[in-house]
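Student: Model the full assembly from the supplied sequences, consistent with the hints where possible.
What follows is the residue order along each chain.
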Amino acid sequence: MPIKSYLAHPHEGRKNELIEIISKLPFCEVTPAENQEIIIIVTDTETSVQEDKLKLTLEGIDSLKLLAMVSGFNTPKN
Amino acid sequence: MFKSTSNRRNFIKKMAKLSAMTAAASMFPGIIFADAQEKGIPKGMNLDWKKAPCRFCGVGCGVLVGVEKGKAVAVKGDPKSSVNKGLCCVKGYHSVMALYGINRLTKPLIKKNGSYVETSMEEALDLIASKMEKTIDEYGKDAVSIYGSGQWTIPDGYVASKLFKGCIGTNNVEANARLCMASAVNLIWHR
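Chains as they are written, first to last, in our numbering: chain F, 1 to 78; chain D, 1 to 191.
It should be emphasised that the hints constitute simulated quantities derived from the structure, not laboratory data. A few of these clues could be false.
[Unchecked claim] Dumping the calculated SDA-like pairs for lysine to any residue here, alpha-carbon to alpha-carbon at most 20 angstroms:
hint	chain 1	residue 1	chain 2	residue 2
1	F	K15	D	M21
2	D	K80	D	V59
3	D	K14	F	S63
4	D	K14	F	C28
5	D	K80	D	A124
6	D	K91	D	M181
7	D	K14	F	G13
Tutor: This is the structure we're talking about:
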């Protein structure tokens, strides 16, 4: 049951577009910075397979320039 | 009995988010994540949250003041303020208490026959004006001064400077920055 956090850098002028797309994805929580072109994504998935699939989906988003993982946890408990 | 409102997984999620915020702050000093903090503002309490600067010192922190039935009842740091990014010091968090302190002066007091007596603002200002006039006549313009406050606003300071420098003709204007704040800064330097 992985939990990971990422810093997502959008392409110039496409921050809102990126926020909108990621907000609609399952297992994702989005926290945009107020005054910088950067977004925090926290993913909370059931399995590693689901996590890998989600990461591929994120990396395939057109408005995303760079996705950098900051932390990762694998906890079986609630 | 204490009952946790979170669980282990939510706690780890918050840690993950905090790690990302810390990393972002190291890359972009001054970065603000207001959205995350605004979620913590209590809802459904019939509070009208108003933006304001904190008046307790010259730093200029942004605060949100919760108003209920015309009375300020709560304070929170403004997450959108680039000065304090949602945080307050202990003075800021208690700032609205000063509005309703039982010892707060709400009317001018003039010392008459050894004790303070409530008076009108007009009489108090006339007394100050007459004393200043007498002092200036006797000792010159630089014999008077104004001591302001760390809580005065920029317009307050502007008016005080205009009155003393432009109208009366003395540079004796102290906004509290040197006598109060400078001593605090000095203390921090020498710790």
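Student: Compare the structure with each hint and give your call.
Tutor: Cross-check of the supplied hints:
1. Annotation: proposed proximity of F:K15 to D:M21 holds, straight-line Cα distance about 17 angstroms (limit 20 angstroms).
2. Pair hint D:K80 plus D:V59 holds up; C-alpha atoms about 16 angstroms apart against a cutoff of 20 angstroms.
3. Pair hint D:K14 plus F:S63 does not hold up; C-alpha atoms about 26 angstroms apart against a cutoff of 20 angstroms.
4. Between D:K14 and F:C28, the direct Cα distance comes to roughly 13 angstroms. Compliance with the 20 angstroms bound is thereby established for this hinted pair.
5. Annotation: proposed proximity of D:K80 to D:A124 is violated, straight-line Cα distance about 41 angstroms (limit 20 angstroms).
6. Restraint check for D:K91 and D:M181: the C-alpha separation of about 15 angstroms stays at or below 20 angstroms, so the hint holds.
7. At roughly 28 angstroms between alpha-carbon atoms, D:K14 and F:G13 are farther apart than 20 angstroms, so this suggested pair is violated.
Checked against the numbered hints above, the structure violates hints 3, 5, 7; every other hint is satisfied.
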